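Below, each chain spelled out in residue letters.
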Amino acid sequence: MEQTNHTNNQQPLVQIKHLAKHFQIKGGGLLKRETKTLKAVDNVSLTIYKGETLGLVGESGCGKSTLGRNVLRLQEPTNGEVLFHGEDILTYSKKQLREIRNDMQIIYQDPFGSLNPRFTIGESIGEMFKIHGLYKGKEREEKVKELLELVGLDTSRYDSYPHEFSGGQRQRVGIARALALNPEFIVADEPVSALDVSVQSQIINLLMKLKAEFGLTLLFIAHGLNVVRHISDRVGVMYLGQIVELSDTDQIFDRPAHPYTAALLSTVPDPNPDARKNRIVLEGEVPSPASPPSGCRFRTRCPLATEQCKQVEPKLQEIRSGHFVSCHYPLQEGQSLHEAIATMQDKEKVRA
Amino acid sequence: MEKIVSQQLDEQVVKPARPPKYTFWTGLRQNKVAFGAFIFLVLIHLIVFIGPLFWSYSASEMTTSGPLASWSWQHPFGTDDIGRDVFARMMYGGRITLLVGLCAMLFSLLIGTVIGACAGFFGKITEAILMRFTEAMMAIPNFFFVLVALTVLGTTPVMVVVVIALSGWMEVARVVYGETLRWKEYEFVEAAHSAGAKPLRVLVKYIIPQVLPSIIVSGTLMIAWAILTESAISYLGLGIQPPTPTWGNLLQNAQQYLWTAPVLGVLPGAAITIIVLAYNFLGDGLRDALDPKFIKK
Chain A
1 MEQTNHTNNQ QPLVQIKHLA KHFQIKGGGL LKRETKTLKA VDNVSLTIYK GETLGLVGES
61 GCGKSTLGRN VLRLQEPTNG EVLFHGEDIL TYSKKQLREI RNDMQIIYQD PFGSLNPRFT
121 IGESIGEMFK IHGLYKGKER EEKVKELLEL VGLDTSRYDS YPHEFSGGQR QRVGIARALA
181 LNPEFIVADE PVSALDVSVQ SQIINLLMKL KAEFGLTLLF IAHGLNVVRH ISDRVGVMYL
241 GQIVELSDTD QIFDRPAHPY TAALLSTVPD PNPDARKNRI VLEGEVPSPA SPPSGCRFRT
301 RCPLATEQCK QVEPKLQEIR SGHFVSCHYP LQEGQSLHEA IATMQDKEKV RA
Chain B
353 MEKIVSQQLD EQVVKPARPP KYTFWTGLRQ NKVAFGAFIF LVLIHLIVFI GPLFWSYSAS
413 EMTTSGPLAS WSWQHPFGTD DIGRDVFARM MYGGRITLLV GLCAMLFSLL IGTVIGACAG
473 FFGKITEAIL MRFTEAMMAI PNFFFVLVAL TVLGTTPVMV VVVIALSGWM EVARVVYGET
533 LRWKEYEFVE AAHSAGAKPL RVLVKYIIPQ VLPSIIVSGT LMIAWAILTE SAISYLGLGI
593 QPPTPTWGNL LQNAQQYLWT APVLGVLPGA AITIIVLAYN FLGDGLRDAL DPKFIKK
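Chain order of the listed sequences is A and B.
Per the working numbering, the very first residue in the first sequence carries number 1; after that it's consecutive.
Per the working numbering, the very first residue in the second sequence carries number 353; after that it's consecutive.
If you're looking for bench data, these hints aren't it; they were derived computationally from the structure.
Any given hint could turn out to be false.
[Stated by the list, open to error] Derived list of chain B stretches under chain A, where covered just means 3 residues or more per stretch with a C-beta under 8 Å from a C-beta of chain A: (1) 459-473; (2) 543-550.
[Claimed, not checked] Just a sample of chain A residues kept apart from chain B, beta carbon distances all over 10 Å, derived: (3) Gly113; (4) Ile131; (5) His132; (6) Glu213; (7) Arg229; (8) Thr267.
[Stated by the list, open to error] Simulated crosslink set (SDA-like; lysine to any residue; CA at most 25 Å straight-line): (9) A:Lys143 x A:Asp88; (10) A:Lys347 x A:Ala263; (11) B:Lys384 x B:Val394; (12) A:Lys315 x A:Ile100; (13) B:Lys476 x A:Lys347; (14) A:Lys145 x A:Lys94; (15) B:Lys645 x B:Gly475; (16) B:Lys536 x A:Ile100; (17) A:Lys136 x B:Leu395; (18) B:Lys536 x A:Ala305; (19) A:Lys143 x A:Lys209; (20) B:Lys645 x A:Asp196; (21) A:Lys94 x B:Phe390; (22) B:Lys645 x A:Tyr158; (23) A:Lys145 x A:Ala212; (24) A:Lys349 x A:Lys315; (25) B:Lys550 x A:Lys209; (26) B:Lys557 x A:Glu99; (27) B:Lys476 x A:Gly122; (28) B:Lys557 x A:Gly80; (29) A:Lys95 x B:Glu537; (30) B:Lys476 x B:Pro493; (31) A:Lys315 x A:Gln332; (32) B:Lys476 x A:Gly80; (33) A:Lys94 x A:Asp196; (34) A:Lys145 x B:Lys645; (35) A:Lys145 x A:Tyr158; (36) A:Lys136 x A:Asp196; (37) A:Lys315 x A:Ser291; (38) B:Lys550 x A:Leu83; (39) B:Lys557 x A:Phe112; (40) B:Lys557 x A:Glu81.
Here the structure is a predicted model, which is why all the values come from computation and not from measurement.
The beta-carbon is built from N, C-alpha and C at its ideal position, and this holds for glycine as well.
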């Protein structure tokens, strides 16, 4: 439990309280005018401690990117609070917001859309200084070149355009740009999803190096568990707009408590053929966030679901020190999902 | 396969320590047709705007050669029905026509870009008001609008420019609006916001440059349209009034002498056509030249 102590000793940098982002979608059809509410992020509370890397994983469409953007207020959340250094940035005026923008930055998933195609990379990164009126002329160029070196790019590429770079190199440019203003907090929105596996590890290692060097706090969003394992101190698992499990990386990977996490983990390929686990393939599709199931949102695909899951929505509770899970039947420490399914079936037999 | 190999080879051969800084000029020169059109237009503008200074006849002066004289060294294009030098009248007429076309084009690009970009970028109520206004303007038949406005407002060259511009900016606005909607969703635009850039800076430095190629293409269509419209209204006698020559009212005047002196009609007609074509070619080239991806190495 030393790791939970380690995080508890830290002071919180970003506190997300009951954050919600709803989208109104117009019903289809010619005359149907009913609007539906799509709850992309629904009542998420999360604390990110200074200096840690929090990994956030979940399937496509579970709202993890929306969460990242709302935390930076690149979108306006529908509800909730986002405290940065204890101050609610959602109450900030646009002017106040611009002033603190340099403390929080974002790295994007798409290395093609995230750079201005008509700017050289020198201009793209230099813009960060220009926007805040920092450095002039030659000095600015020097600063940009320092950043290029920092992320492992040749300074001779200063005048090159984005289309002359590979995906991985562009991602490095994106990282350099995010670092330019010396931020404390960076949201990395699936920074490696669009890259080759070999390049993925380079970028992750670069991020880890830079994080250590500058004492950054990272919210690292990814859709695969294996990607976040290496870089994260803690991991949050999202499903349909909610956090279903949150704990230290080791806890999540070795002793998952939520059936969804366990099922996801069982699909991570293992290089050791002897240790091959029984995969648990989840049935069905992720339900539409516009009409989520009643009670527990995972119940439609959960092998452990009962009548209670249909009626009562589980709350995110601390089942072990620092290990939060939102489930009526969390897995016991060391229990595998298969064992849990077996126990559940036994109980039902007894009842029958 | 061969293509890939040759590309790789190209990459290997061209690896200067510092790639040459891309300039707009190098881009334009790569398109031979556009560059030719550009040179041609520069020449025509020089002749039309500076030529009269060196020519011994003015546009309204009646020469001693008599009416409808055929070509000679003295009058390369002959004289018109009341003995004025046609070469001089073509130059003076071109001044008005080209200036009206250029100014009307710039003015309507300005209106269209501001309205389209603001509507697309700011959205919400701004978008609703501006785009409904644009659509309302589009519903008015173009030529009818020009004729009515000129009848009411008078036919000075400035009025002609304003009216042509006011009747033509809607297409530009719609194009810019659509492009702005597309580009504002890009992540590099969001990155600028997240860096703390002010909205106006994002619009001017990040979005307008992306929309610029479309604006230029609209511009070439606009200038062609403005020149044709000016000619058409002058031909109808509602545009700039004689004795001030424009290519349009030269055409009108030539109508009566189409069989006796066809050159009077052919010259302004050909001038209008060739200039419009040249602007279209130039526009194509400019659009490509503005795209950094287009530099051939």
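Consistency of the hints with the structure:
no.	hint	result
1	459-473	violated (count 0)
2	543-550	holds (count 8)
3	Gly113	violated (5 Å)
4	Ile131	violated (5 Å)
5	His132	violated (7 Å)
6	Glu213	holds (21 Å)
7	Arg229	holds (26 Å)
8	Thr267	holds (29 Å)
9	A:Lys143 x A:Asp88	violated (32 Å)
10	A:Lys347 x A:Ala263	holds (21 Å)
11	B:Lys384 x B:Val394	holds (15 Å)
12	A:Lys315 x A:Ile100	violated (33 Å)
13	B:Lys476 x A:Lys347	violated (57 Å)
14	A:Lys145 x A:Lys94	violated (31 Å)
15	B:Lys645 x B:Gly475	violated (30 Å)
16	B:Lys536 x A:Ile100	holds (22 Å)
17	A:Lys136 x B:Leu395	violated (41 Å)
18	B:Lys536 x A:Ala305	violated (44 Å)
19	A:Lys143 x A:Lys209	holds (19 Å)
20	B:Lys645 x A:Asp196	holds (24 Å)
21	A:Lys94 x B:Phe390	violated (46 Å)
22	B:Lys645 x A:Tyr158	holds (16 Å)
23	A:Lys145 x A:Ala212	holds (21 Å)
24	A:Lys349 x A:Lys315	violated (28 Å)
25	B:Lys550 x A:Lys209	violated (32 Å)
26	B:Lys557 x A:Glu99	holds (20 Å)
27	B:Lys476 x A:Gly122	violated (35 Å)
28	B:Lys557 x A:Gly80	violated (33 Å)
29	A:Lys95 x B:Glu537	holds (22 Å)
30	B:Lys476 x B:Pro493	violated (28 Å)
31	A:Lys315 x A:Gln332	holds (17 Å)
32	B:Lys476 x A:Gly80	holds (24 Å)
33	A:Lys94 x A:Asp196	violated (38 Å)
34	A:Lys145 x B:Lys645	holds (23 Å)
35	A:Lys145 x A:Tyr158	holds (7 Å)
36	A:Lys136 x A:Asp196	violated (37 Å)
37	A:Lys315 x A:Ser291	holds (19 Å)
38	B:Lys550 x A:Leu83	holds (23 Å)
39	B:Lys557 x A:Phe112	holds (18 Å)
40	B:Lys557 x A:Glu81	violated (32 Å)
Checked against the numbered hints above, the structure breaks hints 1, 3, 4, 5, 9, 12, 13, 14, 15, 17, 18, 21, 24, 25, 27, 28, 30, 33, 36, 40 and satisfies the rest.
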